[in-house]
Amino acid sequence: MVQSAKPVQPIWCPGCGDFGVLAAVKRAAAELKIPTHDFVLVGGIGCSGSIHNFLEVNGIHALHGRLLAQAVGVKLANPSLTVVAAGGDGDGYAIGMGHFIHAFKKNVSILYIVMNNETYGLTKGQPSPTSQLGFEGNVEPPFHSILTALSIPAPNFIARTFSGDPKGMTAILTEAIRFNKEGRGFAFVEDLSPCVTYNDTYKIWREKVIDVATLPGYDPTDRKVMFRLCLEATESGRIPIGVMHRPEVVGRDGLEVKLVGDGPGPVRSDIELESNLPAYHKLLSGLA
Amino acid sequence: MSTAAAQIAPIPEQSGPGVPRPPLELSDVSVMIGGQGGDGTLTVSDLLGRYFRKRGLYVYLSRNVLSRIRGGHADASVRASRDPLHAVKSHVDVLVAFDNEAVELGKAELSPHGFILYDSTTFHIAEPHSAGFPFATMVGGPLGQPIFKNTAAYGALSVLFGFDPAQTRGVIEERFKRRGGDALEKNLKALEIGRKAALSMPGVENRYSVVSGDAHNMILTTGNQAVALGFVVGGGRFFAGYPITPATEVMEYLQRYLPPFGGVVRQAEDELAAINMVIGASYAGARAMTSTSGPGLSLMTEGLSHAGTAELPIVVADCQRVGPSTGQPTRHEQSDLSHLANLGHGEYPRFILAPSDPVDCFELTVEALNLAERWRVPVILLLDQALSQNTTTSPRFDLSKVHLDRGKRLTPEATTKLQQYKIYELTSDGVSPYAPPGTPGVWAEVTGNEHDEWGHVSVNPANRLKMMRKRMEKMVLARSELPPCRVFGPPDAKVAIIGFGSTSGPILEAQRILEHRGVPTRYLQVRTVFPVPVHEIDPFLKEVDSAYIVEHNYTGQLARLLRETMPWHHAKLHSVLKYDGHTFRAPQIVSEVKGAK
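These protein sequence lines map, in sequence, to chains D and H. So in my numbering, spot 134 of the first sequence is number 121, and the numbers just go up one at a time. So in my numbering, spot 11 of the second sequence is number 12, and the numbers just go up one at a time.
Take these hints with a grain of salt, some might be off.
Stated by the list, open to error - A partial selection of chain H residues facing chain D, derived with a Cβ cut-off under 7 Å:
| # | residue |
| --- | --- |
| 1 | Phe124 |
| 2 | His125 |
| 3 | Pro129 |
| 4 | Ala132 |
| 5 | Phe177 |
| 6 | Met219 |
| 7 | Ile220 |
| 8 | Pro462 |
As the list claims (entries may be wrong) - Below, simulated DSSO-like cross-link-like pairs (lysine-lysine); rule was C-alpha separation at most 27 Å, straight line:
| # | chain 1 | residue 1 | chain 2 | residue 2 |
| --- | --- | --- | --- | --- |
| 9 | D | Lys20 | D | Lys(-7) |
| 10 | D | Lys13 | H | Lys55 |
| 11 | H | Lys190 | H | Lys409 |
| 12 | D | Lys20 | H | Lys418 |
No lab work stands behind these hints: they were computed from the structure. As the structure is a computational prediction, the values presented were derived from the model and not from experiment. Each residue gets a CB set at the ideal place from its N, CA and C atoms; glycine is no exception.
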């Protein structure tokens, strides 16, 4: 066995919600029997983004807000890899918002986990895009990722988990990665991951979360129904968790699932000069 | 052989239309076609270019358009010559005008023997050497649409230049046969209408004659197309970009060329995404590139710093335009050099290569991919608007010169034989062997944070010193592998000209004029502009008395780099600058050189 980078000890505070995500990712990868050398974890900037250092997998630590673009690049270049991007709410919903919206549209088969703690923890507790009104220093209403995700017409997998419910989270992450492996498109999971130091919300979130599957009329193949259920739950002060969108292979939206990875992909394509010479000659002889 | 100098020598006054005289023979001809956007000026220049190429001439097509889809003044220029050329001619021999604005704008550039051919449907001019034809009305009746006026103008031009009628017609057939419908038939009719009108006007027929040349088996191409082709044969398989003038064609060509080779081309939501997708693809092990221009480059700067410290090989083609900000998006400038040389937050190594013509673009793109992977650094290909977009006759691209250097890229077999795999291993040349994700038995741990050899984040001062030196010393260690300068002109000349990019065209032409005037010069074309090849430029400057540094910017950015790296040559260096959005014409360079009158 060749010795290469070994996982290091997490830098997170004891009790941080991110530990739950780390454990759930590990269990999901094991359950799906993904070889560790085929698993790429793309980390963002912030506490959560260091997750790739704590697992025996390939890791790329991206720029702040750019992890989705890098993850998409990895997957398009080598579709046989399992690619999971993981970062925080500031990374995804503030500086990375443009890439976040476009990831749904691009629909490349990667999983994006946002560990939402409603604050910038690493820089010591500034308000983030998801901070509630009343959070110190915050003057703007919070952003709702799930409602935004549901509003984009694309056949993506959309879910929300809670670090206080590790079993539920493992099931959902496993389903999301399987969705990717089947080449069905982009999967987005927001995990409610409390920051025990700057925004300890375990207690309040435990009271507020509600499994969407228990709501009357739950149908995760129907975007319209799910938008209404999530909006109503949010407006009544609850935080919906569970699977919000599980599209059929050809969604009700009429959008066909665009499969990525029909060919070997750029990395596995032959770039040797000799074997390509006839084709190159043909390409160049087409010039006049 | 004619020389450029011969063509700018004084020419006797011509008599006006109606007075018979022998045709004026041109071995270097320039035609400017102006009108409103949508008038078909580009069609006329394309037809003329095709004709001249059939006659074995070198052609250079440039365009002057506004940043809008339709309307506004637009003009196109065709230059054809028996000698190779990569520049706009100093004067216009024939001006074709579809409106009065084109006459007003073009008149100033007309040579003393020049002639104006114009569409007199809506206006008349009182110039002595001109002929007006109501092309739009003439074709509008029989063909139903005035748009064929451009082909009629081409017909009149063919009479003015004494073109061979069969070849003139051949050009129309070649251009329109694939259009389908009655496009060919109507254009042939328009051609005849234009020809007949010109033949009936005294003083037009055979006013000029254009020589033939022997530039056959050549291609017509642009720098952007050459970059795209170089990327494919250089093993490039992943491209992400965002539309921006004048770089967009690189992406558009690759959308056509790359998929059959298993490559992927994606248009991103912005330049931040484009460069980060390229970084991701590079991490995965693909040869990857993006192309952009000034404002996009600013957004990519963050990503370039990241690739620099993460040691991920990427190539960025910067097709420069007039800046800062949106500047003049369709115009020419070379003002990104200082930015690129200091690009990004923090310090990291980068190589900047500046090709001068399409063949150079093709070859340096392959070289950029090789250098990026060999040294695991970002490489920038520095183009400029004229090089990117002007169309020129070029030798065919030579595949026998292409080779691939994958540097220390590890195969899965080689990886399994390792005792340990350190992704940032300290080595004698600063380059660590690389096995991309998906290689059994190892993990690729890559980060933009400072890291130790394993790829783990590190704030250890001793490690920081080692890692900084590992990266930065590549700029010294790679020196002998970077594309060398080219020198043109007699070795004993005491006057030097230095330039990079597309200025090569007008500089080479200026050299011929200067030689003719008794001022021999040596021209140094800098192909690696950063790190500055002091080992090449210092001995070169020692041998000359003075050096003129020709570039398209206000502050003399190349000159500043030379002064900074070789201050002892300060007194010898003189800047020749142009920043009006247009390219140099040879006489403008000549006039700056002392002793040349």
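Results of checking the hints against the structure:
Because the smallest distance between the Cβ of Phe124 (chain H) and any Cβ of chain D comes to about 38 Å, over 7 Å, the interface hint for this residue is violated. A distance limit of 7 Å between C-beta atoms decides the matter here; for His125 (chain H) the minimum to chain D is near 40 Å, and the interface restraint is violated. With a least beta-carbon distance of about 40 Å to chain D, the hint placing Pro129 (chain H) at the interface is violated under the 7 Å criterion. The closest approach between the C-beta of Ala132 (chain H) and any C-beta of chain D is roughly 33 Å, which is over the 7 Å cut-off, so the hint fails.
Annotation: interface hint on Phe177 (chain H) violated; nearest CB of chain D at approximately 16 Å, more than 7 Å. Of the supplied interface hints, the one on Met219 (chain H) is violated, with its beta-carbon coming no nearer than about 9 Å to a beta-carbon of chain D, more than 7 Å. Interface hint at Ile220 (chain H): satisfied, since its Cβ lies 4 Å from the closest Cβ of chain D, which is below the 7 Å cut-off. Given the 7 Å rule on beta carbons, the hint for Pro462 (chain H) is violated: about 19 Å separates it from the nearest Cβ of chain D.
The straight-line distance between the Cα atoms of Lys20 (chain D) and Lys(-7) (chain D) is roughly 20 Å, inside the 27 Å bound, and the hint therefore holds. Between Lys13 (chain D) and Lys55 (chain H) the alpha-carbon distance is near 67 Å, which puts this suggested pair outside the 27 Å criterion. Restraint check: the Cα-Cα separation between Lys190 (chain H) and Lys409 (chain H) comes to about 63 Å, which exceeds 27 Å; the hinted pair is violated. Of the supplied pair hints, the one linking Lys20 (chain D) and Lys418 (chain H) holds, its CA atoms being roughly 25 Å apart against a limit of 27 Å.
Of the numbered hints stated above, those contradicted by the structure are hints 1, 2, 3, 4, 5, 6, 8, 10 and 11, listed in ascending order.
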